[in-house]
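Peer 1: Residues per chain are reported as follows:
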Amino acid sequence: MALCATMSKSQVRAMAEENKATIVVFSGDMDKVFAAFIIATGCAAAGMDTTLFFTFWGLNAIKTGAPIKAQSFLGKMMGLVNRGGIQRLNPSRFSFGGIGRGLFHKMMSDKNVTSLDDLRQTLVDLDVHLLACKMSMDVLEISRDDLIPEVENVVGVATFVKEAADSKIQLFI
Amino acid sequence: MNVKVDMVQDSIGQLCPMPIAFLAKNMKKLEAGQVLTILADDEGAEADIPAWCEQTGNQFLGQEPDDGFVRYYVQKSG
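Residue numbers (the working numbering), protein chains in the order written: chain C, 1 to 173; chain W, 1001 to 1078.
One or more of the hints may lead you astray.
Straight-line alpha carbon distances no greater than 30 Å define the calculated DSBU-like cross-link-like pairs of lysine-lysine that follow [stated by the list, open to error]:
#1 C:Lys168 x W:Lys1025
#2 W:Lys1028 x C:Lys162
#3 W:Lys1004 x C:Lys111
#4 C:Lys20 x W:Lys1029
Per the computed footprint, the stretches of chain W lying under chain C, defined by three or more beta-carbons under 8 Å from a beta-carbon of chain C, are [said to hold, decoys possible]:
#5 1016-1025
#6 1048-1056
Pair ranges (Cβ atoms, derived) [claimed, not checked]:
#7 W:Pro1050 x C:Leu80: 48 to 58 Å
#8 W:Lys1025 x C:Ser109: 15 to 25 Å
#9 W:Lys1029 x C:Ser115: 17 to 27 Å
#10 W:Glu1031 x C:Met108: 32 to 42 Å
Since the hints were derived computationally from the structure, they do not count as laboratory data.
Nothing here was measured: the structure is a model prediction, and the numbers come from that model.
Here a beta-carbon is modelled for each residue, glycine too, at the ideal position from N, C-alpha and C.
Next up, chain C with everything else stripped away, as it sits in the complex:
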């Protein structure tokens, strides 16, 4: 188009940007998942089409919490020590072998902060897309059944790139 020829590359790019937000949830730390969920809630509440990509340890935030049905010996061991489930996430600091988690839960409920569980449900209610990374699921031997049914799809990097390229906000947490 003649119009496009007169526009700079950045102008063309700006036109492609939609009202979208894309967040990679790499960490399975309770506090970082909290940050990701709160930002995602804000984006969705502001009318942005919001997508969360869960990869590696972040997958723990969308696991059912039931025992992992892995096949190999290593996969089974990994499933034991890294069972996941939103209730089992530990904070990135002051974890104290699981005690810190309880302390954080107590401090947050005392302050009436919404739990991670409820926050995740809020995301679902606000139509945030929850996507899981296929490759890290393969590595950690996590199957679709180990993830909560709200997970919309199991995808690869190309899906992330497509969404991120259209997004005004891209974060890696």
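Mind docking chain W on chain C? Use the hints.
Peer 2: Using the frame of chain C, we list chain W on its own:
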């Protein structure tokens, strides 16, 4: 504030991001021109509710202090 209120959202006791999450949900239920009142005691809401309105193009009509909380008035745009 002398406006006709169509819906009231009780966010007293709620912290970020819940007042905004409920605000977004409730505004979907309203028609253009209708007014939502949010009752909130979270100090963050004072900056967040006008910011949300600016971001989404809805009209922030103002706020009124009450007994231990603040009333915020938001009008849905067309």
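Peer 1: Each hint should be assessed against the structure and marked as holding or not.
Peer 2: Against the structure, the hints:
Between the alpha carbons of lysine 168 of chain C and lysine 1025 of chain W the distance comes to roughly 22 Å, so the proposed pair stays at or under 30 Å and holds. Between lysine 1028 of chain W and lysine 162 of chain C, the direct Cα distance comes to roughly 28 Å. Compliance with the 30 Å bound is thereby established for this hinted pair. For the proposed pair lysine 1004 of chain W and lysine 111 of chain C, the alpha carbon gap of about 34 Å is over 30 Å, so the pair is violated. The straight-line distance between the Cα atoms of lysine 20 of chain C and lysine 1029 of chain W is roughly 22 Å, inside the 30 Å bound, and the hint therefore holds.
Counting residues of the stretch 1016-1025 of chain W whose beta carbon lies closer than 8 Å to any beta carbon of chain C gives 8, which meets the minimum of three for the stated coverage. Three residues within the 8 Å Cβ limit are the bar, and the stretch 1048-1056 of chain W against chain C gives 3, so the coverage statement holds. For proline 1050 of chain W and leucine 80 of chain C, the Cβ-Cβ distance of about 49 Å falls inside the hinted range of 48 to 58 Å, so the restraint holds. A hinted range of 15 to 25 Å holds for the C-beta pair lysine 1025 of chain W and serine 109 of chain C, which are about 23 Å apart.
Remark: the range hint 17 to 27 Å for lysine 1029 of chain W to serine 115 of chain C is upheld by a beta-carbon distance near 25 Å. The hinted range of 32 to 42 Å is satisfied by glutamate 1031 of chain W and methionine 108 of chain C, whose Cβ atoms lie roughly 37 Å apart.
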